[in-house]
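Chains as they are written, first to last, in this note's numbering: chain C, 369 to 848; chain B, 2 to 495; chain H, 87 to 204.
Hints were generated in silico from the structure; no laboratory data involved. Beta carbons are placed, not taken as given, at the ideal position from N, Cα and C, and that holds for glycine. Keep in mind that the hints are not guaranteed to be accurate.
As the list claims (entries may be wrong) - Which stretches of chain B does chain C cover? Using the computed rule of at least three CB atoms under 8 Å from a CB of chain C, they are:
| id | region |
| --- | --- |
| 1 | 390 to 403 |
| 2 | 425 to 437 |
| 3 | 465 to 478 |
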Amino acid sequence: MLLALTVPLVAVPLVVAARRRPNLRESVTLIAATLLFGLVVSLAPQVMDGARPAVILAEPFPGLPLALALEPLGLLFALIASFLWLITSVYSIGYMRGHKEQHQTRFYAYFAIALAAVMGVAFAGNMLTLFVFYEVLTLSTYPLVTHAGTDQARRAGRVYLGLLLGTSIVFLLLAIAWTWLLAGTTDFTPGGILSGTAPAATLGLLLTLYVFGVGKAALMPFHRWLPAAMVAPTPVSALLHAVAVVKAGVFTILKVSVYLFGSGLMITLVASQWLQYVAAATILLASLVAMRQDNLKARLAYSTISQLGYVVLGALLANAAGIVGSAMHIATHAFGKITLFFCAGVILVATHKTEISQMRGLGRRMPITMMAFLIASLSIIGLPPAGGTWSKWYLAIGTLEAGQLALLAVLMISSLLNIAYLLPIPLHAFFSAPSGDNVPGGTYEAPLFSLAAIIITTLGCLVLFFYPGPLYQLASQIGR
Amino acid sequence: MQLGQHLPILQVVIPLLSAPLCLLLRNGRLAWMFTLAVSWLVLAGAVWLLLQVLAHGTVSYALGTWPAPWGIEYHLDHVSAFVLLIVSGISAVVLPFAGKSVAREIPADRVSLFYTLYLLCLTGLLGIVITGDAFNLFVFLEISALSSYALISQGRDRRALTASYHYLILGTIGATFILIGVGLLYMMTGTLNMQDLAARLPAVTDTRTVRTAFAFLVVGISLKLALFPLHLWLPNAYTYAPSVVTAFLAATATKVGVYVLLRFVFTIFGAAFAFQAMSLGPILLVLALLAIFNASTVAIFQDNLKRMLAYSSVAQIGYMVLGISFASLTGLTAGILHLFNHALMKGALFLALGAVFYQLGTVQLTQLRGLGRRMPWTMAAIVIGGLSLVGVPLTVGFISKWYLILAALESGWWPVAVLVLLGSLLAMVYIGRLVETAYFHAPPEDDREVREAPLSMLLPIWTLILANLYFGIDTSLTVGVARQAAALLLGVSP
Amino acid sequence: MATVLGLYNYWIAIFLMMTGFYVVIAHGNLVKKIVGLNIFQVAVFILYISMGKVRGGSAPILAEGVTSYSNPLPHVLILTAIVVGVATTALGLALVIRINEAYGTVEEDDIHSQDEPE
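Can you make the complete structure from the sequences, with help from the hints?
Structure below.
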């Protein structure tokens with residue numbers, strides 16, 4: 369486990385050292401990513417068998433160590449993140465070079481640091497450790513978000529840092545200190561550590577602090593940083609804001625729900641219900657806003673906010689189906705969204721277009737890309753043959769089990785909205801008359817590396833539909 | 002008669018005697034190296050003394066073998082040893098930096114005089130911490146204060162003179178208040194020895210004299226440690242003083258002030274009298290919170306970076322006093338811990354600013370545009386120091402914040418915990434401004450060749466920064482000593 | 087009544103203290119401020135010394151047949167404090183000279199207005 373943290377960190381000085389030889393530098397990143405994925409995969413068998421190894425890193429406070437511990441949810445997150453780092457690195461090579469981006473060394477270096485932080489979040493053994501790596505993640509992604517260095521980037525960076533650090537310092541840290549005082553520990557334990565330590569109202573308040581303190585989950589009203597972060601280069605948006613950063617957020621909430629509060633406690637808390645409504649509102653409102661966005665990345669950003677609401681909802685429902693659904697949704701949404709962002713990126717590089725209205729008829733010129741877009745959209749919507757079907761299925765069962773028919777309705781309506789804001793894009797691209805200069809003059813596809821990455825992630829969406837078994841098995845082990 | 006036995010007095014005597022010797026060394030470089038040697042010697046002594054205290058408990062030394070309470074006694078417990086380490090440590094790190102910095106900022110014929118003053122200041126600060134006699138404390142206080150006034154006035158800007166003058170007036174009033182307080186205490190108990198005072202005071206605490214003495218002492222000490230609203234001398238003094246002076250004083254003088262407060266309130270008067278009879282807790286709490294918010298907010302609007310950090314210092318002192326106002330074990334631990342942590346943070350930041358001043362000749366924010374590219378190591382140090390101020394995990398700032406919040410929650414004052422965290426957000430704003438300017442803007446048009454700071458400056462800066470990070474992860478030393486010190490002051494077991 | 091008059095030394099000390107304090111705060115001339123500071127400090131000295139006097143005690147010099155002595159310790163303390171006061175005054179006046187050289191005035195308001203535009 370320790371190696372999983374150190375491999376990306378070791379890669380950083382190597383990347384910086386190789387800054388004059390781009391091919392060497394990129395190879396370092398690719399090798400590191402492959403190594404990392406291999407390491408994480410090698411940890412899988414232990415976890416499936418029920419082992420829960422742990423490692424203590426340091427002990428800054430007496431009785432409160434910085435510790436790593438392996439469990440199914442963390443493993444799931446780590447697998448997704450490490451695999452997609454590898455793929456994104458492949459994609460980035462195509463994108464950054466095709467787009468002639470500046471400061472590529474800085475980009476790859478901070479990417480590696482961010483991934484190390486993600487590993488730390490995934491493997492955190494207690495809430496404090498998670499908090500530490502959570503903050504490191506925020507800080508290491510700031511240079512990535514503001515990569516362009518323009519005024520717009522700077523302002524976006526302010527919103528990003530302000531919201532994320534603000535919520536984490538004022539709400540999350542307070543919640544963690546309070547938890548420590550109430551329970552005497554912040555260790556993640558199956559069944560939770562908080563039951564019986566305080567009256568329900570207090571625990572409800574604590575839960576609220578946690579949920580709003582995790583700004584990375586983009587729960588309204590602390591969601592503004594996500595659209596703001598779209599100013600970053602697309603690989604950053606793809607990996608970090610469809611996979612690593614936002615997933616770290618919902619992952620944290622899921623962990624808090626399962627391992628700090630425990631399913632039993634969660635179901636009895638009234639506050640949990642109110643927060644479910646907040647999540648539901650986020651799902652709906654974000655979808656509505658997404659429909660009105662013409663900028664492709666902005667639409668995808670709001671779609672992400674909405675999808676994150678699904679995971680939070682499942683975490684708050686805290687019944688077996690809900691938890692499984694959330695965990696699976698972390699995976700399926702990751703693959704789906706990253707594909708969508710990848711497509712957006714190559715469209716930008718190949719045609720310099722960012723607005724959806726400009727993309728009519730683009731399917732003739734970029735067939736592979738738009739096909740991938742179609743499949744990924746199906747995953748997000750939740751239709752076969754894409755993986756999102758299963759995760760939404762289990763979430764729906766979760767709402768039924770909890771007797772929350774209103775929430776079930778929200779899920780249904782939201783899927784309809786998803787269709788409304790996602791499907792038109794590939795459909796118009798293939799079937800509409802071309803707009804502007806989309807004259808069919810031979811294919812004009814994306815750079816090769818990027819295309820390869822897109823194909824792999826699209827296949828991932830399909831694979832998750834046809835072979836959901838391993839994912840389901842891993843997810844259902846959570847909390848044991 | 003081993004030398005080690007006399008270490009407490011040597012800690013003060015060595016720098017004291019070195020000062021006139023330094024005066025004789027006309028050569029600036031020689032004076033610097035001499036001061037450096039003395040400072041490192043003192044640091045070694047401080048470390049040795051801390052180890053003694055940790056192993057054997059309090060160290061007591063009677064001057065001239067006159068027994069206490071008739072003679073003057075030097076009394077070292079955990080708090081003293083800790084602050085001693087801070088003062089000598091900071092001095093040892095700042096002096097290597099000073100070589101080049103002082104050579105540039107002070108006229109050549111006055112450099113040896115500068116170091117003489119520095120040694121006197123060091124003597125004063127060390128003496129305050131070691132002594133166990135109330136009047137002796139006043140004497141050392143004045144020694145350090147007078148030399149500080151002189152040091153501050155050495156700044157190149159003429160406003161250094163007026164800043165020094167105002168500090169002189171306010172500081173002398175403060176010191177005189179302390180003198181009155183000590184006098185009144187002497188009137189009631191007939192002794193000046195701190196331990197003896199602590200033993201005799203409970204019998205007479207119900208008198209108006211003692212209460213007045215308490216009031217005078219607290220106000221006088223608050224002036225010295227720049228507690229809101231008696232902080233008005235600090236921004237100007239820190240802004241216009243030479244870089245080395247600012248770095249040294251920011252990291253030591255106010256810490257020693259807090260130490261004096263702890264000594265008088267907890268050891269001499271006792272927590273029961275101070276917090277129950279005189280309700281010191283709420284007063285300190287309110288003033289501390291006002292300090293944090295007022296100073297942090299003002300800091301956001303400053304263009305001169307030294308002034309910005311000076312206001313930040315006032316806010317940080319607020320945090321220390323906040324911890325103390327809880328009068329609980331955790332609260333006191335937090336306050337004492339922050340003494341150490343803030344010394345590391347501010348020491349590093351002011352040294353880094355000194356390096357910027359050395360290369361750039363200015364510390365106006367607008368002039369620092371694009372500096373992240375041209376002085377990468379210095380700016381990186383400032384970023385990390387800034388993150389420490391905000392309280393990001395893995396830095397010492399986080400450790401202090403954690404204990405403060407914990408103390409607030411333990412005492413049931415959860416709104417205070419929220420306020421502490423909001424204060425961090427304010428720090429985020431003014432650090433954010435600095436980071437943005439340095440990294441996001443293009444350098445100004447009059448692009449003189451600005452290179453990275455010399456190694457002799459970078460090494461001390463990075464030593465403090467790495468210490469920031471190290472003690473943010475391995476806190477066994479700092480938290481351990483702070484906790485024991487707090488326990489001792491409160492009279493409970495750690 | 088007896089106690090009020092009997093404590094006359096304290097009344098004098100307080101009066102002088104407040105006078106000095108007032109001068110420091112109210113006057114804008116830097117030299118006058120230092121003078122005020124001096125008065126303030128002297129008041130404290132008087133406070134100390136007067137408290138050392140023991141009623142019916144003689145000067146604290148060992149002599150035959152004398153049983154009650156005044157307390158010598160406050161005198162010692164005040165000697166130290168006087169020296170400190172002298173040093174402070176000297177430093178203060180030195181600063182005033184330098185300020186005069188730099189600003190051409192020793193009135194606080196004028197100095198303030200000279201610094202304002204910066």
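- Task: Provide an ascending list of the numbers of those earlier hints which the structure does not satisfy.
- Result: none
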